[in-house]
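Protein chains: 2
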Amino acid sequence: MTGGEFALIEAIRARLGRHSDRVLRALGDDAAVVKVDGLVVTSVDAFVEGVHFRLATTSLRDLGHKCLAASLSDLAAVGAEPGEAYLAVGLPTSVAEREVLELIEGAEALAEDLGVTICGGDLSASHELFVAVTVTGHASSEDEIVGRDGCRSGDLVGVTGRLGGAGAGLVLLERKEHGLPVEVGARLLERQRRPRPRLEAGMALARTGVHAMIDLSDGVASDALRMAEESGVELVLELERLPLDEGVETVAEIVGMRPADLAASAGEDYELLFTASPDAHEKIETASDDAGAPVTWIGEVRRGSGVRLLDERGVQRSLRGWDHLDSRTATDRGRRGQASR
Amino acid sequence: MTGGEFALIEAIRARLGRHSDRVLRALGDDAAVVKVDGLVVTSVDAFVEGVHFRLATTSLRDLGHKCLAASLSDLAAVGAEPGEAYLAVGLPTSVAEREVLELIEGAEALAEDLGVTICGGDLSASHELFVAVTVTGHASSEDEIVGRDGCRSGDLVGVTGRLGGAGAGLVLLERKEHGLPVEVGARLLERQRRPRPRLEAGMALARTGVHAMIDLSDGVASDALRMAEESGVELVLELERLPLDEGVETVAEIVGMRPADLAASAGEDYELLFTASPDAHEKIETASDDAGAPVTWIGEVRRGSGVRLLDERGVQRSLRGWDHLDSRTATDRGRRGQASR
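Chain order of the listed sequences is A and B.
469 is the number that the working numbering gives the last residue of the first sequence; the numbers go up by one with no jumps.
469 is the number that the working numbering gives the last residue of the second sequence; the numbers go up by one with no jumps.
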């Protein structure tokens with residue numbers, strides 16, 4: 129490491145703090161060292177220019193925030209306490225060093241806020257910008273951890289917060305005229321650009337005994353299917369019960385979609401979808417209210433397979449969320465570029 | 129996740145095994161869960177097409193092996209016991225699903241051999257192939273871990289194994305006529321394509337009390353400089369003492385370099401460079417012999433800063449290793465493409 133790489137890494141180091149006693153070594157050695165007594169929970173996500181984000185509509189600072197937020201959301205989904213993060217960044221020459229530092233600053237601001245330490249990473253030349261994020265979380269025992277595979281027939285299906293905001297925000301990124309009140313539009317853009325992972329709610333729900341949980345990265349339509357597949361059950365969801373973010377109806381009208389369809393297929397809301405025994409519903413509502421993430425019940429688990437999305441007349445809708453590999457073709461053709469995330 | 133992505137991930141899962149009891153959950157959930165009592169050591173590395181490898185001269189199977197090997201080498205450098213690995217892969221449409229599986233198989237074969245479990249990862253569309261690897265290792269206490277920053281004035285500088293083989297192999301990738309015996313050429317190519325991380329030697333050296341250690345990924349010239357910078361000392365190395373791989377002299381002649389210069393600047397040997405008190409030299413030689421990685425002493429640590437590389441007449445040579453960010457420009461200009469790794 130000489131010259132440019134060394135100087136940039138020094139500038140990055142200067143921007144990163146240590147936000148827990150658990151971290152014994154970070155940045156500078158071949159590896160970071162973290163003290164653990166219990167379980168380490170690890171998740172890896174890659175974010176690629178033209179697939180997950182477009183530089184034309186994303187600041188590097190927001191990108192740093194969002195990549196880390198989306199990754200931490202996977203820890204929320206299993207109920208782990210957030211711990212450390214590692215960033216591997218591929219840098220095209222079109223990205224200035226100042227912008228790289230903005231990306232780091234955006235991630236660090238969120239990390240500090242959540243008590244997460246960015247412990248290390250890697251920088252490489254590349255032709256397109258990518259950010260691969262590894263996050264680690266912690267738990268004392270397996271009882272505190274929830275998987276995707278625990279749905280039981282007869283469970284209720286719940287979701288935290290409100291849906292469709294991030295998808296509506298994505299539309300607004302490219303469309304200045306929308307007829308929404310300024311503050312509503314701003315909130316939708318904020319949900320798209322700077323999502324907040326539901327870490328506290330995830331821990332609360334896991335400890336309250338939900339049977340299975342997943343975070344909504346690709347949309348209810350896709351993510352519910354994953355949970356159904358992993359659990360070997362059918363999820364039946366009523367679209368009219370989806371809790372919509374303010375402004376989603378207006379944006380859905382602009383793009384000619386039903387509001388619930390937008391909310392179910394757009395993704396990136398990073399709310400939590402889970403199933404639990406009907407007996408537990410009050411306990412769960414209290415726990416998630418306390419964590420600032422009120423629950424809405426949107427369906428139930430049945431024997432069978434797959435997901436049924438029913439409209440207000442009980443008619444099945446066919447919706448799908450985001451497939452990051454199918455988008456290879458889509459991106460190459462320039463289709464769905466707008467919807468890339 | 130639907131269709132293509134889901135099917136590919138299922139095929140990947142079917143190829144991966146669990147190689148330690150420590151791994152409680154892997155693949156399929158939002159996050160993997162690993163039981164730990166002590167320290168977790170984590171390192172992240174990104175490998176990018178056109179920067180770190182060229183698809184024209186690399187099979188996907190070898191690429192999978194090499195990316196994992198290079199990442200695990202960072203664990204060897206701190207003396208950690210290897211544990212788990214996570215792969216985030218960016219896939220251009222030019223890479224067939226069969227090739228993706230070969231990449232996974234190449235990584236899994238090495239992982240199984242070393243008792244490492246590939247616990248998770250991510251797949252994304254991209255325009256260029258990249259592989260971001262996160263590896264975790266384990267140690268009981270900080271005493272077992274070595275950093276880059278512990279060099280002390282008066283220390284001897286040692287290196288495991290032989291150098292220059294991977295760099296010479298890189299030359300042979302593009303040059304079929306070389307005048308080397310077949311088996312010598314094959315060994316050099318193997319060092320380039322399928323390096324073995326010095327995990328056992330790293331643990332042995334760390335436990336024998338070396339003061340600082342780093343793995344040779346970018347070449348002695350660069351990696352010694354990192355150790356000197358982190359420790360606030362000067363490393364004085366004698367190039368004639370570098371232990372050369374068989375065939376390096378011949379290849380150096382082909383490309384018009386001094387053999388030691390090739391060995392010091394080419395990198396990718398993944399041997400271990402370390403410093404230790406002169407009193408410890410016998411103990412260290414025994415420990416590394418037992419780990420199958422004999423040590424050569426190549427210099428000493430002095431007060432000061434930087435690295436001095438002396439030739440056989442005591443004249444200082446100016447050499448540099450690989451800078452992954454400077455290569456942005458180089459790659460764009462088509463220069464150094466051959467040397468890309």
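Don't read these hints as lab results, they were simulated from the structure.
Watch out, some of these pointers could steer you wrong.
Since copy identity is lost for identical chains, a pair holds within one copy or between any two.
Lysine to aspartate or glutamate pairs mimicking EDC-like chemistry, simulated, CA-CA at most 20 Å apart [what the hints assert, rightly or not]:
#, residue 1, residue 2
1, K411, D439
2, K163, E270
3, K304, E227
4, K411, E272
5, K163, E233
6, K163, E209
7, K304, E413
8, K411, E368
9, K411, E240
10, K304, D165
11, K304, E410
12, K411, E428
13, K411, E440
14, K411, E138
15, K304, E272
16, K304, D417
17, K304, D241
18, K163, D439
19, K411, E366
The model shown is predicted, which means the values in this text are computed figures rather than measured ones.
Okay, the hints, checked on the actual structure:
no., hint, result
1, K411 to D439, "neither (29 Å within a copy, 74 Å between copies)"
2, K163 to E270, "both (18 Å within a copy, 9 Å between copies)"
3, K304 to E227, "neither (25 Å within a copy, 43 Å between copies)"
4, K411 to E272, "within (16 Å within a copy, 46 Å between copies)"
5, K163 to E233, "neither (25 Å within a copy, 32 Å between copies)"
6, K163 to E209, "both (14 Å within a copy, 15 Å between copies)"
7, K304 to E413, "neither (38 Å within a copy, 69 Å between copies)"
8, K411 to E368, "neither (24 Å within a copy, 73 Å between copies)"
9, K411 to E240, "neither (31 Å within a copy, 44 Å between copies)"
10, K304 to D165, "neither (51 Å within a copy, 53 Å between copies)"
11, K304 to E410, "neither (42 Å within a copy, 73 Å between copies)"
12, K411 to E428, "within (18 Å within a copy, 66 Å between copies)"
13, K411 to E440, "neither (28 Å within a copy, 77 Å between copies)"
14, K411 to E138, "neither (48 Å within a copy, 36 Å between copies)"
15, K304 to E272, "neither (45 Å within a copy, 58 Å between copies)"
16, K304 to D417, "neither (35 Å within a copy, 69 Å between copies)"
17, K304 to D241, "neither (31 Å within a copy, 56 Å between copies)"
18, K163 to D439, "neither (50 Å within a copy, 44 Å between copies)"
19, K411 to E366, "neither (23 Å within a copy, 70 Å between copies)"
Comparing the model with each earlier hint shows violations of hints 1, 3, 5, 7, 8, 9, 10, 11, 13, 14, 15, 16, 17, 18 and 19; every other hint is respected.
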